[in-house]
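Asks: All chains, full assembly: derive it from the sequences and hints.
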Amino acid sequence: MQSSVLIGCSFGCSIWLSRCKVLYYTIFSWLYGLVGSCAHLVMVNSSWTRSHIVNIWKVPERTKRVYPPCDTSALQMLPLERSTTPPVLISVAQFRPEKAHGLQLEAFALALERLDSDFLKPKLQFAGSCRNKEDLERLQKLKDRSVELHIDELVEFHQDISYRDLVQLLGGAICGLHSMTDEHFGISVVEYMAAGAIPIAHKSAGPMMDIVLEEDSRETGFLASRKEEFAEAILKVLRMPEPERREMAAAARKRAQRFSEQKFHEDFTKAVRPVLLGRS
Numbered sequence: 001m002q003s004s005v006l007i008g009c010s011f012g013c014s015i016w017l018s019r020c021k022v023l024y025y026t027i028f029s030w031l032y033g034l035v036g037s038c039a040h041l042v043m044v045n046s047s048w049t050r051s052h053i054v055n056i057w058k059v060p061e062r063t064k065r066v067y068p069p070c071d072t073s074a075l076q077m078l079p080l081e082r083s084t085t086p087p088v089l090i091s092v093a094q095f096r097p098e099k100a101h102g103l104q105l106e107a108f109a110l111a112l113e114r115l116d117s118d119f120l121k122p123k124l125q126f127a128g129s130c131r132n133k134e135d136l137e138r139l140q141k142l143k144d145r146s147v148e149l150h151i152d153e154l155v156e157f158h159q160d161i162s163y164r165d166l167v168q169l170l171g172g173a174i175c176g177l178h179s180m181t182d183e184h185f186g187i188s189v190v191e192y193m194a195a196g197a198i199p200i201a202h203k204s205a206g207p208m209m210d211i212v213l214e215e216d217s218r219e220t221g222f223l224a225s226r227k228e229e230f231a232e233a234i235l236k237v238l239r240m241p242e243p244e245r246r247e248m249a250a251a252a253r254k255r256a257q258r259f260s261e262q263k264f265h266e267d268f269t270k271a272v273r274p275v276l277l278g279r280s
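For what it's worth, UniProt numbering labels the leading residue of the sequence shown as 1, then goes sequentially.
No lab work stands behind these hints: they were computed from the structure. Computed from a prediction, not measured in an experiment: that's the story for all the values here. For every residue, glycine included, the Cβ atom is placed at its ideal position computed from N, Cα and C. Hints should not be assumed to be uniformly reliable.
[To be verified] List time: in silico DSS-like cross-link candidates among lysine-lysine, alpha-carbon distance up to 30 Å:
hint, residue 1, residue 2
1, K263, K143
2, K263, K58
3, K270, K254
4, K227, K141
5, K227, K203
6, K203, K121
7, K141, K123
8, K203, K64
9, K123, K143
10, K236, K121
11, K21, K58
12, K143, K121
13, K123, K133
14, K133, K227
15, K203, K143
16, K141, K203
17, K123, K236
18, K270, K58
[Stated by the list, open to error] Here are the in silico distance ranges between beta carbons for each label pair:
hint, residue 1, residue 2, range
19, S37, E134, 36 to 42 Å
20, A39, D116, 41 to 47 Å
21, H158, K254, 24 to 30 Å
22, P68, E98, 36 to 42 Å
23, V22, N55, 19 to 25 Å
24, K21, V272, 36 to 42 Å
25, V167, P60, 38 to 44 Å
26, D182, F268, 21 to 27 Å
27, E261, V22, 42 to 48 Å
Replies: Now the structure itself:
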């Protein structure tokens with residue numbers, strides 16, 4: 001009897017707490033929308049973010065897209081010519097779960113299986129930082145997974161490296177991998193493009209809507225969402241004739257200039273000026 005009473009109380013409390021949470025989030029969402037709709041100016045970092053904010057705050061005329069400043073001056077100076085002995089792929093991201101490094105490993109392994117037998121095997125370099133113990137454990141699991149996939153000799157992990165070392169790695173890569181779903185913008189993708197590494201980015205949000213777009217009617221990279229799509233894109237870059245690769249890399253580099261610090265300054269000033277003049 002006592003057990004039944006305890007179970008009944010627990011079940012009742014659970015329902016009550018759930019209803020309280022729903023009420024809390026409903027009120028919070030309403031207040032969030034109300035406060036946002038009162039803003040004189042809303043600046044967002046991508047088209048995807050703008051769509052989300054406009055849907056909530058309902059002030060499209062006051063919502064301005066201003067891309068974040070990407071200082072890629074050092075990367076823009078790198079030569080577009082790359083050594084392909086062996087060809088190098090790079091992935092730059094913190095070792096966080098949402099970055100989906102495992103998907104990149106799986107896609108790389110699949111690409112190796114489908115690669116022509118007489119083709120020089122490429123290398124995959126991971127470069128990123130670890131914030132805490134969980135990230136370190138995640139990094140170790142990636143290393144273990146590379147062993148399970150029998151590709152550990154072709155995969156390198158560079159943890160907490162300096163920016164100078166990162167620039168050096170980017171300068172040797174023919175393409176860069178990005179696999180986070182719904183990343184609002186995607187600064188690492190811009191860095192790949194500025195460095196002359198052809199981006200293979202997740203087909204969603206910032207990379208799809210703003211970054212990996214045609215420049216002067218020329219392709220600047222590839223988009224993918226599934227393991228097979230990433231593997232196919234990797235193979236396309238590996239098999240690409242050198243003149244074609246350099247042409248795409250040049251288009252990508254030019255595209256990256258749209259996200260420079262100077263462009264940010266211009267867009268920020270353009271967005272803020274009417275508001276400041278209206279108040280004066």
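Asks: Evaluate each hint against the coordinates.
Replies: The hints, checked one at a time:
no., hint, result
1, K263 / K143, "violated, 39 Å"
2, K263 / K58, "holds, 27 Å"
3, K270 / K254, "holds, 22 Å"
4, K227 / K141, "holds, 19 Å"
5, K227 / K203, "holds, 12 Å"
6, K203 / K121, "holds, 26 Å"
7, K141 / K123, "holds, 19 Å"
8, K203 / K64, "holds, 23 Å"
9, K123 / K143, "holds, 14 Å"
10, K236 / K121, "holds, 14 Å"
11, K21 / K58, "holds, 25 Å"
12, K143 / K121, "holds, 19 Å"
13, K123 / K133, "holds, 27 Å"
14, K133 / K227, "holds, 28 Å"
15, K203 / K143, "holds, 26 Å"
16, K141 / K203, "holds, 25 Å"
17, K123 / K236, "holds, 15 Å"
18, K270 / K58, "holds, 21 Å"
19, S37 / E134: 36 to 42 Å, "holds, 38 Å"
20, A39 / D116: 41 to 47 Å, "violated, 56 Å"
21, H158 / K254: 24 to 30 Å, "holds, 28 Å"
22, P68 / E98: 36 to 42 Å, "violated, 18 Å"
23, V22 / N55: 19 to 25 Å, "holds, 20 Å"
24, K21 / V272: 36 to 42 Å, "holds, 38 Å"
25, V167 / P60: 38 to 44 Å, "holds, 39 Å"
26, D182 / F268: 21 to 27 Å, "holds, 25 Å"
27, E261 / V22: 42 to 48 Å, "holds, 44 Å"
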